[in-house]
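Participant: Spelled out, the chains give:
2 protein chains.
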Amino acid sequence: MSDVMIAADDPILESDFMVEMVRQMRALDSYGVWEGLPTNELLDPFVLTKERKREIPVVGDPDEETLSRVQAFYNAIAVLIEKECGKMAVPMVHLSHEGFGRALITVGKLVVMDRTLRDVHRFGFESASKMKTEADKLLSVAVEIIGEHSDVAGM
Amino acid sequence: MSDVMIAADDPILESDFMVEMVRQMRALDSYGVWEGLPTNELLDPFVLTKERKREIPVVGDPDEETLSRVQAFYNAIAVLIEKECGKMAVPMVHLSHEGFGRALITVGKLVVMDRTLRDVHRFGFESASKMKTEADKLLSVAVEIIGEHSDVAGM
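Protein chains in written order, with my numbering: chain A, 1 to 155; chain B, 1 to 155.
Next up, chain A with everything else stripped away, as it sits in the complex (with noise of 0.2 Å):
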């Protein structure tokens, strides 16, 4: 794997959400192998840059630590919406074989974020501010659901 594609000093680290995918992928290091790391690194997996890539074969499995990337980005985004809403979000992952899946996100009985997965284990974004915009769509948009049926997300 090549340099690390996010700086120590991207302010985009002390982002909300960037700030929560720490915790979450800290909350995975059951072992405390990636406790030494700093942020940057520590998310530095999750940019897929064209050249990564690249080196990723088209049809594959996804190994555990890209499953457990997967579920953190959603477990991420769900707290997000808790913080927001004040009502548990509940993430939901499901993947049947070769990476395909759907991920799922619920408030009380309404489904605020409901994404197709594919090509699982080519999970990334090309770059940390790329994630984080995506985070922030998903987000904006589970918000503005609730707003909409806050009796169905209170159920």
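FYI, nobody ran anything at the bench for these hints, they're computed from the structure.
There may be inaccurate statements among the hints.
Covered by chain A, according to a simulated footprint, are these stretches of chain B (three or more residues, beta-carbon under 8 Å) [stated by the list, open to error]:
hint	stretch
1	60-69
2	142-154
For each label pair, taking beta carbons as the anchor points, the in silico distance ranges come out as [stated by the list, open to error]:
hint	chain 1	residue 1	chain 2	residue 2	range
3	B	S15	A	R54	50 to 60 Å
4	A	E41	B	W34	48 to 58 Å
5	A	Y31	B	T116	24 to 34 Å
6	B	G86	A	E84	41 to 51 Å
7	A	R54	B	I12	38 to 48 Å
Residues from chain B that face chain A, not an exhaustive set, calculated with beta carbons under 7 Å [as the list claims (entries may be wrong)]:
hint	residue
8	K83
9	M92
10	H94
11	T106
The beta carbon of each residue, even a glycine, is placed where N, CA and C say it ideally should be.
Chain A is fixed; fit chain B onto it per the hints.
Facilitator: Chain B only, in chain A's frame:
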């Protein structure tokens, strides 16, 4: 395993739900292993009498066959919901380690069924009749929620 617990001429086998259960089980049987099996024998493993339950250890990991039965059960309920309300119902069964998990059915952006699963390795019903009662209950609750929130179900 002991005798078959569903009689070959049990009228319950003609109910919409049981007919759909048979269809689901046949669909799972990619290798045609159960091809010659009559419907009562095909559905027999869903019946977990007290005697049968006693033979299964309290703690255990669900095997592939048990998992496919769980999937078949919730698939069948989703199909019945779909027939009843005319909208697509999507089932999602997610299991973590040791047979814990969550089964969900969504219609549009509405969660119409949401169950916590535990002890999945002991998945089953005391009788065919109890199984159908359970399915009918899930169906009627789902249909009611859809009626109340048809806007969200239509999203």
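Participant: Hint by hint, note whether the structure agrees.
Facilitator: Now for the hints, and whether the structure bears them out:
1. Counting residues of the stretch 60-69 of chain B whose beta carbon lies closer than 8 Å to any beta carbon of chain A gives 0, which falls short of the minimum of three for the stated coverage.
2. Three residues within the 8 Å Cβ limit are the bar, and the stretch 142-154 of chain B against chain A gives 4, so the coverage statement holds.
3. Taking 50 to 60 Å as the suggested C-beta distance range, the pair S15/B and R54/A conforms, at roughly 55 Å.
4. Range check, E41/A to W34/B: about 52 Å between beta-carbon atoms, so the 48 to 58 Å window is met.
5. In this structure, Y31/A and T116/B meet the distance hint of 24 to 34 Å, their C-beta atoms being roughly 28 Å apart.
6. For G86/B and E84/A, the hinted distance range of 41 to 51 Å is not satisfied, since their beta carbons lie about 34 Å from each other.
7. The supplied range of 38 to 48 Å is broken by R54/A and I12/B, whose beta-carbon atoms lie about 58 Å from each other.
8. Against a cut-off of 7 Å between C-beta atoms, the interface hint on K83/B is violated, since the closest Cβ of chain A lies about 21 Å away.
9. Look at M92/B: its Cβ gets to within about 6 Å of chain A, closer than 7 Å, so that hint holds up.
10. Given hint, H94/B at the interface with chain A, holds; its Cβ is 5 Å from that chain's nearest Cβ, closer than 7 Å.
11. At a threshold of 7 Å, the smallest CB-CB gap from T106/B to chain A is about 5 Å, leaving the interface hint in force.
Checked against the numbered hints given earlier, this structure breaks hints 1, 6, 7, 8; the rest are met.
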